[in-house]
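Fit chain R to the known structure of chain C by using the hints.
There are 2 protein chains.
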Amino acid sequence: MGLQVGCRLRRCALRLATTAPTGTAATVGEESFRRDLRSYPPGMDTYTAPLRDVRFVLEHITPLTALTATEAFAHADPELVMGLLEEAGRFAASAIAPTNRDGDTQGSVLSDGEVVTPDSFKQAYRQYVEAGWGAVQHPAEFGGGAFPLAVANAVKEFITSGNMAFSLGPLLTTGAVYLMQHHCSQEQLDAYVPKLVSGEWAGTMNLTEPQAGSDVGAVTTKAVPAEDGTYRITGQKIYITYGEHDLTDNIVHLVLARLPDAPPGGKGISLFIVPKVLVEDDGSLGERNDVQVVSIEHKLGIHGSPTCVMAFGEATGGAVGELVGEPNQGMRQMFTMMNDARLGVGLQGLAIAERAYQQALPYAQDRQQGRGPDTPPGEQAPIIEHADVRRMLLTMKANVEAVRALCYLNAHALALAHAAPDDAAREEHRKLADLLTPLSKAWGTDVGVEMTSVAVQVHGGMGYVEETGVAQHYRDARIAPIYEGTNGIQALDLVGRKLPMDGGAFVKAFLGELRTEVDALPGSLSAIAEALHEGLDAVDRTTAWLGEHRESFDDVAAGATPYLRLLATVVGGVLLARGAAAAQRLLDDGASGGDAEFLAAKVTVARFFATQLVPAAVGLEPSVTAGAGDLRALDAGQLAP
Amino acid sequence: MGLQVGCRLRRCALRLATTAPTGTAATVGEESFRRDLRSYPPGMDTYTAPLRDVRFVLEHITPLTALTATEAFAHADPELVMGLLEEAGRFAASAIAPTNRDGDTQGSVLSDGEVVTPDSFKQAYRQYVEAGWGAVQHPAEFGGGAFPLAVANAVKEFITSGNMAFSLGPLLTTGAVYLMQHHCSQEQLDAYVPKLVSGEWAGTMNLTEPQAGSDVGAVTTKAVPAEDGTYRITGQKIYITYGEHDLTDNIVHLVLARLPDAPPGGKGISLFIVPKVLVEDDGSLGERNDVQVVSIEHKLGIHGSPTCVMAFGEATGGAVGELVGEPNQGMRQMFTMMNDARLGVGLQGLAIAERAYQQALPYAQDRQQGRGPDTPPGEQAPIIEHADVRRMLLTMKANVEAVRALCYLNAHALALAHAAPDDAAREEHRKLADLLTPLSKAWGTDVGVEMTSVAVQVHGGMGYVEETGVAQHYRDARIAPIYEGTNGIQALDLVGRKLPMDGGAFVKAFLGELRTEVDALPGSLSAIAEALHEGLDAVDRTTAWLGEHRESFDDVAAGATPYLRLLATVVGGVLLARGAAAAQRLLDDGASGGDAEFLAAKVTVARFFATQLVPAAVGLEPSVTAGAGDLRALDAGQLAP
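Respectively, the protein sequence lines represent chains C and R. Numbering-wise (my numbering), the first sequence opens with residue 66 and increments by one. Numbering-wise (my numbering), the second sequence opens with residue 66 and increments by one.
It should be emphasised that the hints constitute simulated quantities derived from the structure, not laboratory data. Treat the hints with care, as some may be off.
Claimed, not checked - Cβ-to-Cβ under 8 Å is the rule here; a few derived chain C residues that face chain R:
#1 Lys496
#2 Val519
#3 Glu531
#4 Gly658
#5 Ala661
#6 Leu699
#7 Gly702
Glycine included, C-beta positions come from ideal geometry on N, C-alpha and C.
Bound conformation, chain C alone (with noise of 0.2 Å):
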């Protein structure tokens, strides 16, 4: 049953049992997930991997065909991909998901100047480095596997479900690699690249310091050209996502940092590999770096994940650093992987909610209380019996198919942004992702707190007692609308740099694409088409307000978030309903037993989600197009209480 991807230096070493069941649902974690559930909570908090949500998304909406139609991804095929995934699924649940309830309870916490992570993480980081799961989508010549982000991205949502706060380590490392893949030289790449692939080494990014959140060009940090042609680095980082662990050998600290006599701003920052240890020329490992964590954070959730303020270079005057490419062209250099990073994040807000929805299902199945519709005088009635409990369910359920449904489209316009055939293709399929982008994360993140928000609530009082674990998804997620750009950054995005690319064209086609599709889709799903309709409606006189009006940008950003919201959840409903259509056609071809059941799910969730989410969007409406005027009446003093 072995599966390993990448993982070895150089070689692309993926091996693929051939025994490996495909097309049904998965599998370990599964038995005790369908178990008697009267002694919950303990083993109710367990995750199965949602297989076939992801292979109907990757047959029909987003297809994985499109990808494996190209040279650079001909040998993912979808049979050898689905055996990827099930293997993914079985190790998120299996290895990854036990961990969840103590990386929270128990922490990672700092000691003598370490930080120890949890215990369970341990052996699951070794876990996960053997199979190679960090090595899914990188290059093969780094020993990757060289599948396309569609694919990694499935991998990435199952082991986020498993554990948020674990799945952040590998995230990390995921983003310097691709990060020093388009910028590092070959002798940076040979001495670092392979063993961050592998796993064996981690990532980081060291972009915050405390005067410089959102504000990255507000960075500090100096780096001072060395003799030998190094860097000595000195400054403080805050918020490093584990800036410091026991998981691996060495950590690769991208710091960045400003040359002396720098522009100021953005125009200054340089970026700097500075490796925990330095690795010797023979590639072993040589002295200790000055690279110091000195606190980490205590916070509202991800407890197992080390949030670190980090010291450079305070003991011995510079940490040594390595300047990647060319000085000045840090923030160039960090845009690179900014759409793989946001949508990692977007891709947490989709997997907690899944989580959370997968824990809050069998809770209402088990939960005995009051009468439903049917239920006989004297007895009680598992509470999904009763209609406000089923809107709870499938307003998650929904949410989550139509957030993951935008991701994976977004990663599918990543990968052929690299590997369309031809120019032209791969710039439309990078606009693409330049524009769903900040959709993914935003609504992503939004939908994840607030669909853990309904799971608690599913709960009843036992949701708000910790050891039950839905309050730790309530916890852990609501730190996704934070970093990696707040929410209200992304919608800034959107609006000011998203919007008028091509003068309008490029979001006006792409409008116009969905609209061609919901006016194709069947008389049997005219519901659908008729809430889209309307959908659209509003976002095409949305879209051409903001176009409009782009000489007063403050009015456009003071739509810009509702403007964000409406428009991820039309395009939502547009991905569902294109599923739909796809179940609706296999059904009239005759689709019969489990799988018409499952198919039938499909129709009726893009129709709950079209016909009744859709419309409380179109609602922001008179918000996007309301102007900054009220937002600035008011003075501080009429503000305070």
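For chain R alone, kept in the frame of chain C given last:
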């Protein structure tokens, strides 16, 4: 400056220092609130009672003068009331608010069978009793201040903003008094109520059992008659707020239990007084009763409030209890206090949203990041200069003011339900209170959760760090949509019991009055009127639909939650418009200076709410009238991953 309301047995000891300043913004805590904010977090999490806002509501939205015109409340003249509220605001800011962080970090803990509350709670509670704040709304015959609920609720708001976990003890005691005064014998009243009114003793409600959460009729705790006319109570209760603690000498538990041969379900439940310490005939404390705390819950929030599992009669075969009123009337008796209790929880949503707003606002004024529209190049601006941050702040402020107006109208109606001069008027106000209570509870607490989340977001990464304190509000707020009847149950109560009042005529008349009021708005507020008309149109249509589908209650139940949100939002919008109309009149009459700024803000907030927040609620209409079809379409297999 001393104020005492109630607090010595049978003597209404209201003394109000005439030197108390009136009409100014409060006071204690304000200085530190406006201090140099650079050293965040210490001290930024302070509280200032929103006296101007509350005064505005009591003067212009739900006029106190309508209450003081009644015989029962003739003594509560507005200046006396405002003096009292200033004192209450000062108390909440200076004595209660500083205990909030302690209460969270230290929490209440179980030690050797005793619950130890946080250190700071002891002095705060002593001060609370000394000042007599628990007595404000209770009748003079028990030593209370006999103020209308509209006034007592403002006091509750301030104390809850100060520390929600602390406020729950007094809230439960108030509920116990309320219930006992309506159903106890004179002997029982004499023995228990004055000490509860003064706060020397505390009260609790013991309803919930593991199998009987929301379904109180499923209670199994037993009560067996003893020869001396008392009863022996045996059973376990869960989720008992302040079931055990060290703040008072005695705790009076009100316990639902079944007598032998009681009919099944809700009709066989009786109410008992079970004191922690038995009370001798002379009023002195006697033997310890057989009531024990078994464990306390480890909760997401409100750590200062001990949530207890209570065992009755486990050591001796029965705790001594006294029957309240007639056998098998427990459910009906509990219903007496339901409006009061549910409104009290709705106020928690308001109070914690206000507190979170008060933390987010100075942070946004202080935190430098990025540039606003007018920031010179190379400089940073406070984040309040960003339109999107303004949107977050104004959304918080507008929601807080709308929920406050609704909750205060609810209290106003409850006060007149007791005090109006004739039966017909009392009945009308009782019905209004019945209609509004589920709105206050469910919408108020949903807004509480949502606005505390916004407050976290305003803080960015710092909001996710527990030391900042804003995450505590987010955790604390999450219980309120759950307890005292989940918000789903509130919505069912609204559509199942409240809309059908008088065959639907009551709600229709109420909505007609709202429309008349909106019709009468001056031309300068036409934008508000237009938006509210659209809101009222949607409410009328959905209300009619729910009425027409009463025979198919599952379809009605399916729309209950979105309908509640729609109705509450529109009512809140009309109440803010009422305030805006009054403000506009005062402005037209020449209000100037700080007053004019304050009044202008009322107009802006009402317009923002009506034109930018109400439309999103209108967007819920299709989900109200969709029926249960799609909600019930999926079976367990289709819902599963």
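Hints, verified against the model:
1. At about 24 Å, the closest approach between the beta carbon of lysine 496 (chain C) and any beta carbon in chain R exceeds 8 Å, and the interface hint on this residue is violated.
2. Residue-level restraint check for valine 519 (chain C) is violated (minimum Cβ-Cβ distance to chain R is 10 Å; threshold 8 Å).
3. The beta carbon of glutamate 531 (chain C) comes within 5 Å of a beta carbon in chain R, closer than 8 Å, and the hint placing it at the interface holds.
4. For glycine 658 (chain C), the shortest C-beta to C-beta distance to chain R is roughly 11 Å, which exceeds 8 Å, and the interface hint is violated.
5. Given the 8 Å rule on beta carbons, the hint for alanine 661 (chain C) is violated: about 10 Å separates it from the nearest Cβ of chain R.
6. Taking 8 Å as the C-beta cut-off, the interface hint given for leucine 699 (chain C) holds, the closest approach to chain R being about 5 Å.
7. Interface hint at glycine 702 (chain C): satisfied, since its Cβ lies 6 Å from the closest Cβ of chain R, which is below the 8 Å cut-off.
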